[in-house]
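Residue numbers (this note's numbering), protein chains in the order written: chain A, 1 to 302; chain Y, 1 to 244.
It is possible that some hints are incorrect.
To be verified - For lysine to any residue, the following SDA-like pairs were computed, each having C-alpha atoms within a straight-line distance of at most 20 Å:
#1 Y:Lys6 <-> Y:Ala103
#2 A:Lys129 <-> A:Arg86
#3 Y:Lys6 <-> A:Ala96
#4 A:Lys129 <-> Y:Ala103
#5 Y:Lys9 <-> A:Asp98
#6 A:Lys129 <-> A:Arg106
#7 Y:Lys9 <-> A:Ala164
#8 Y:Lys9 <-> A:Ser102
#9 A:Lys129 <-> A:Ser102
#10 Y:Lys6 <-> A:Ala108
#11 Y:Lys6 <-> A:Ala126
#12 Y:Lys9 <-> A:Asp115
#13 A:Lys129 <-> A:Asp115
#14 A:Lys128 <-> Y:Thr164
#15 Y:Lys6 <-> Y:Leu106
#16 A:Lys128 <-> Y:Val87
#17 Y:Lys6 <-> A:Val270
#18 A:Lys129 <-> Y:Leu106
Stated by the list, open to error - What follows is a list of derived Cβ distance ranges for each label pair:
#19 Y:Phe240 <-> A:Asp115: 51 to 59 Å
#20 Y:Tyr185 <-> A:Arg90: 30 to 38 Å
#21 A:Arg105 <-> Y:Arg17: 46 to 54 Å
#22 Y:Leu28 <-> A:Arg123: 45 to 53 Å
#23 A:Ser131 <-> Y:Arg17: 18 to 26 Å
#24 Y:Arg17 <-> A:Gly297: 49 to 57 Å
#25 Y:Pro192 <-> A:Ser131: 54 to 62 Å
#26 A:Gly297 <-> Y:Arg242: 54 to 62 Å
#27 Y:Leu195 <-> A:Ser131: 47 to 55 Å
#28 Y:Pro192 <-> A:Gly132: 54 to 62 Å
#29 Y:Leu173 <-> A:Asn124: 45 to 53 Å
#30 Y:Leu173 <-> A:Ser287: 31 to 39 Å
#31 A:Asp109 <-> Y:Arg242: 30 to 38 Å
#32 Y:Tyr185 <-> A:Arg69: 30 to 38 Å
It is worth saying that the hints were derived from the structure and are not from the lab.
C-beta atoms are modelled at their ideal positions from N, C-alpha and C, and glycine is treated no differently.
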Amino acid sequence: MPIIEVTNLRKRYGDRVAVRDVSFEVAEGEIFGLLGPNGAGKTTTVECVAGLRIPDSGAVSVLGFDPRRDAAELRQLVGVQLQESRLPDRIRVGEALDLYSSFYRRPADWTELLDELGLAEQRNTAYKKLSGGQRQRLSIALALVGSPRVAILDELTTGLDPQARRDTWQLIERVRERGVTIVLVTHFMEEAERLCDRLAVIDSGGVVAVDSPAGLVARVDPEQRLRFRPSVPLDDALLTGLAEVTSVRSSGGQTVVTGRGDLLQAVTSVLARHRIVAADLRIEQPSLDDAFVELTGHRLDR
Amino acid sequence: MYAFFKILKMEARLSLRDVAPVVTAVVLPTVIMVVLGAVPALRRPDDVFGGQRFVDVFAPSLLVVTLVMAGLNGLTNALAGYRERGVLRRLSTTPVSPGALLAAQLLIHLALAACGAVLLVVVGRVLFGIPLPARPFVFALAFLLGAASLFAVGLLIAASAPTTGTANGLSSLLGALVMFLGGVYLPRYLLPDVLVRVGDLTPPGVRTLQDAWTGASPELLPLAIMAAVAAAAGIAAARFFRWE
């Protein structure tokens, strides 16, 4: 039973079509990702889900409610963390949480949230004095303070340093353990791969694929790539004859062999027979990056 | 309602933490009066001032300063800033309408303006013997309507200006014009008759404030104009206000 259903969503701003045709379902308790480059229509999509924007056409259902008709009810049940939304400079962390918790019928204990999000020491710190990571955690805390059943988190870790980003990821996993369904908007491949149970790849306002990260990778041609520096110049013909090998390229002392199956074993045994040592040997398998390129025809960070 | 009072309390606390706007709206006009009143010539009745003292004649113009600082500058900047920072948009994802924040800001700036007026009247009475408003009820009404008209215009600017910078620029410009017509830069007896009349009839209606203060019977037309401006600008602001 899906908790969120989006069907043929379409939204345009003036002449620009932001969302062309987006459909997906989110199951209860999962972390569902919307992955795509900037401007692909991810934010507009979740804004329609959150009831902040009215779609031109298509249907959205969240916990059985229509965000257009039942906006008031959904605001009690859905916590939203918006991109580029700040608080007043002088408000203190504890004050902000106390204030926002008064908006909800069944607020969470915000002092517990403070501990859980590692903000206990910042309770009396003004918003202005918080670091980027602390602001982001406060923003997540505010999205959770109403004890929501669904949390929508938009570009959660943009602008954070790598350590703060990893801390935030751990935090999201803990939030999911509380039973909150999470919709995560991201343009970071690593984030999607690490956190999401399933994700929708979105490009130019449409859904290209919906699957688990591993499922998306499996759709790609399972070609492997082997790179190494042979200790003596290598005759490509030694390798092109192998059944596992599809191509061999050598340049600047480096050889790149592509192929499938047990490529590593096949190549290294030939090299061993000819007493060639393969230095800097690396094997590359298809990643979510490759899957993205395969699905959309371009890289994510174009 | 509970959430609204929480917001009101929080916003009041936040605005007291930011000292500069409070000082300009509440304290500045009284400081100007005290400084000018320290000059002996301005404390003596003179034919130049229509047989009155300069401090008597100038006091209503200082009310205009309070109203401009609180209503045009303070309110407009606070709301435009909140919109630009995404505070209003953030609030619109919660069960509480961002309208609650807007209402709280209105009340707070109205309270600041009222404090500025009370301080001015009391200090004027104690230090310079300026009589208390002779028609306190009409004075309060004129002050409220004048405030409502300016605040509504301030809201309209906050509602329609694309950025905080534009909102600040517009409200400062308009504020300067209102203060000029209110006799703040040049006392009204030095202004050409036409401009004096324009000042009488435009927000916040300095002449009506003066009449209610001194006990002359105020014209009805300016009061009606203030009410009409407040209603029109208020409705337009509500119509055009963007939360983001």
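These are the hints, each one checked on the structure:
1. Proposed proximity of lysine 6 (chain Y) and alanine 103 (chain Y) is supported: the alpha carbons are some 12 Å apart, at most 20 Å.
2. With a C-alpha separation of about 13 Å, the suggested pairing of lysine 129 (chain A) with arginine 86 (chain A) holds against the 20 Å cut-off.
3. Only pairs whose Cα atoms come within 20 Å are accepted, and lysine 6 (chain Y) paired with alanine 96 (chain A) is accepted, the gap being roughly 11 Å.
4. Between lysine 129 (chain A) and alanine 103 (chain Y), the direct Cα distance comes to roughly 28 Å. Violation of the 20 Å bound is thereby established for this hinted pair.
5. The hinted pair formed by lysine 9 (chain Y) and aspartate 98 (chain A) meets the criterion: a straight-line CA distance of about 12 Å does not exceed 20 Å.
6. Proximity of lysine 129 (chain A) to arginine 106 (chain A) is assessed by CA-CA distance (about 30 Å); at most 20 Å being required, the pair is judged violated.
7. Of the supplied pair hints, the one linking lysine 9 (chain Y) and alanine 164 (chain A) is violated, its CA atoms being roughly 33 Å apart against a limit of 20 Å.
8. At roughly 12 Å between alpha-carbon atoms, lysine 9 (chain Y) and serine 102 (chain A) fall within 20 Å of each other, so this suggested pair holds.
9. As the CA atoms of lysine 129 (chain A) and serine 102 (chain A) are separated by approximately 24 Å, the hinted pair breaks the 20 Å bound.
10. Pair hint lysine 6 (chain Y) plus alanine 108 (chain A) holds up; C-alpha atoms about 17 Å apart against a cutoff of 20 Å.
11. Distance hint between lysine 6 (chain Y) and alanine 126 (chain A) is fulfilled; the C-alpha atoms sit about 18 Å from each other, no more than 20 Å.
12. Distance check on the hinted pair: lysine 9 (chain Y) and aspartate 115 (chain A) sit about 26 Å apart at the alpha-carbon level, beyond 20 Å; violated.
13. Our distance criterion of 20 Å between C-alpha atoms is met by lysine 129 (chain A) and aspartate 115 (chain A), whose separation comes to about 19 Å.
14. For the given pair, lysine 128 (chain A) sits about 18 Å from threonine 164 (chain Y) by alpha-carbon distance, which is consistent with the 20 Å threshold.
15. Between the alpha carbons of lysine 6 (chain Y) and leucine 106 (chain Y) the distance comes to roughly 15 Å, so the proposed pair stays at or under 20 Å and holds.
16. For the hint pairing lysine 128 (chain A) with valine 87 (chain Y), the CA-to-CA distance comes to about 14 Å; that is within 20 Å, so the pair holds.
17. Between the alpha carbons of lysine 6 (chain Y) and valine 270 (chain A) the distance comes to roughly 76 Å, so the proposed pair goes past 20 Å and is violated.
18. With a CA separation close to 27 Å, the supplied pair lysine 129 (chain A) and leucine 106 (chain Y) exceeds the 20 Å bound.
19. In this structure, phenylalanine 240 (chain Y) and aspartate 115 (chain A) break the distance hint of 51 to 59 Å, their C-beta atoms being roughly 43 Å apart.
20. Restraint check, tyrosine 185 (chain Y) to arginine 90 (chain A): a C-beta distance of roughly 33 Å satisfies the suggested window 30 to 38 Å.
21. Checked against the given bound of 46 to 54 Å, the beta carbons of arginine 105 (chain A) and arginine 17 (chain Y), roughly 30 Å apart, lie outside it.
22. Here the CB-CB span from leucine 28 (chain Y) to arginine 123 (chain A) is close to 35 Å, at odds with the stated 45 to 53 Å.
23. Checking the proposed 18 to 26 Å range against serine 131 (chain A) and arginine 17 (chain Y) shows it holds: the Cβ atoms sit about 21 Å from each other.
24. The given range of 49 to 57 Å is respected by arginine 17 (chain Y) and glycine 297 (chain A), whose C-beta atoms sit roughly 53 Å from each other.
25. In this structure the hint that proline 192 (chain Y) and serine 131 (chain A) lie 54 to 62 Å apart at CB holds, the actual value being about 58 Å.
26. Between glycine 297 (chain A) and arginine 242 (chain Y) the Cβ separation comes to about 37 Å, which falls outside the hinted range of 54 to 62 Å.
27. The given range of 47 to 55 Å is respected by leucine 195 (chain Y) and serine 131 (chain A), whose C-beta atoms sit roughly 54 Å from each other.
28. Separation of proline 192 (chain Y) from glycine 132 (chain A) is about 56 Å and conforms to the stated range, judged on CB atoms against 54 to 62 Å.
29. Distance hint check for leucine 173 (chain Y) and asparagine 124 (chain A): the Cβ-Cβ separation is about 39 Å, which falls outside the suggested range of 45 to 53 Å.
30. Taking the beta carbon of each, leucine 173 (chain Y) and serine 287 (chain A) are about 57 Å apart, not inside 31 to 39 Å as hinted.
31. For the pair aspartate 109 (chain A) and arginine 242 (chain Y), the supplied restraint of 30 to 38 Å holds, since their beta-carbon distance comes to about 35 Å.
32. A C-beta distance of roughly 55 Å is found between tyrosine 185 (chain Y) and arginine 69 (chain A), which places it outside the suggested range of 30 to 38 Å.
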